[in-house]
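Sequences listed follow chains A and B, in order.
Per the numbering used here, the very first residue in the first sequence carries number 1; after that it's consecutive.
Per the numbering used here, the very first residue in the second sequence carries number 1001; after that it's consecutive.
Worth double-checking, as some hints may not be accurate.
[Stated by the list, open to error] If you want the footprint, here are the derived chain A segments under chain B, 3+ residues with CB under 8 Å:
hint, stretch
1, 174-182
2, 188-199
[Unchecked claim] In silico negatives: residues of chain A with every beta carbon more than 10 Å from chain B:
hint, residue
3, Leu103
4, Asp232
5, Glu272
If you are wondering where the hints come from, they were derived from the structure by calculation, not from laboratory data.
Here a beta-carbon is modelled for each residue, glycine too, at the ideal position from N, C-alpha and C.
Each chain is listed here by its residues.
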Amino acid sequence: MTDTAIAAAALGKRFGRRGGWALRECTFRLPAGRVCAVVGPNGAGKSTLLALAAGLLAPSEGTVTVLGTTPGEARARVGFVGQDKPLYPQLTVAETLRMGADLNPGHWDAATGERIVAAGELNPKSRIRTLSGGQRTRVALALALAKRPELLLLDEPMADLDPLARHELMGVLMARAAEHGTTIVMSSHVVAELEDSCDHLLLVGGGRVRLSGEIDDLLAAHARVSAPAETDLTPHTVVESRTTGRQLTALIRPAGPLPGDWRTGGRLSLEELVLAHLRSPEAPALAPADTDKPEENAA
Amino acid sequence: MVEYRIDRHSGVATYVQIVQQTKQALRLGLLEPGDKLPTAREVVEATAINPNTVLKAYRELEREGLVEARRGLGTFVRRTLGTAPADSPLHGELDTWAAKAREAGMAREDVAALFTAVLEKHFQGDSS
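Can you build the whole structure from these sequences, using the hints too?
Here is the structure:
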């Protein structure tokens, strides 16, 4: 097994020869065993990135490596749940699971699939087309997890689930990560819903990677400070700053110790960090050198 | 067995909440030496938090000598915290004192303020 789940180098995708770039110059590395949030506004390129990693799209430039090989070769070891949850509408729930078993000989975990479906009180005899959006999501996740993937790619998995199902299925995903060290990548434009579940972040904006790394490292690299108006913030990198009356508040990346008369805010939340970067598209990208922690995931 | 409750809006880091709740259970005698903490899998399945957060909390508890990880078996309580479980004489005295304070017509906030002030006086400089 490789220690890198996904590695992208100058990855880009454009739709049509004259179309705009959906994604460009994306370079990042996601270590195996992480739970990674792919965050960004609508149209940022999140779905394109996941589809490239799943091998459903071919890059226009650059490369993406998945589990040490090409996305196509890795496909049997990857579970993908797209935003549109492609399932056969005329099949029943039970038939859908049986189809999953047939398509994944040798690595199908029928019990897991059935447990996830049963927790949603779905009738195995119901046809997919009669299910609600949230129920379809549940079946799609059951299929993806029963495949025992090393890497799970989930595009907006929680969008149409009710709060109870969201909490339960997120718990199922976290249990999978704890027990098997499964790498999970999930996208959302709601940061708060991912904050407690993810330990790695990929912030995509305007088709580029803005932030990439361990969430703890990213938070530690930033500080919210207040100082008298017109304070010179150099040499620190300023992500955003605002002056209200006599006070200046800013989110910065400290380049060294801060002057004693600057007040620093309390704990920075992931949501604050993400929003500040989205409000300031000109802020430079950041990817702290990934420090691989070897001991993780011993449940 | 403890069950952790995570408050997303408390402003306290999630792993710190697990550390604090474990210590609280140790103080109240809900956890005793030899007891097993829930596995990371059990905690994350119930709370939907990241597994590394649980492991980080357990490492912190281990560093403080409160629990030990036994390979392949789980994480176990090594020692208890504090010397005042629910049935100790100190608990009884405090209980009597609180009843007296109430009889004297003190409001809940007054009692809490008084208790905190005395606590500050006797435990100045100690961290919790």
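Against the structure, the hints come out as follows:
Beta-carbon proximity to chain B at under 8 Å applies to 5 residues in the stretch 174-182 of chain A; the threshold of 3 is reached and the given coverage holds. Check on the stretch 188-199 of chain A: 6 of its residues sit with their Cβ under 8 Å from a Cβ of chain B, so the three-residue criterion for coverage holds. Its beta-carbon lying about 27 Å from the closest one in chain B, A:Leu103 satisfies the requirement of being farther than 10 Å from that chain. Every beta carbon of chain B lies more than 10 Å from that of A:Asp232, the smallest distance being close to 31 Å; the non-interface claim holds.
At roughly 12 Å, the least C-beta separation between A:Glu272 and chain B is larger than 10 Å, which holds for a residue marked as non-interface.
In the structure shown, no violation is registered for any of the earlier numbered hints.
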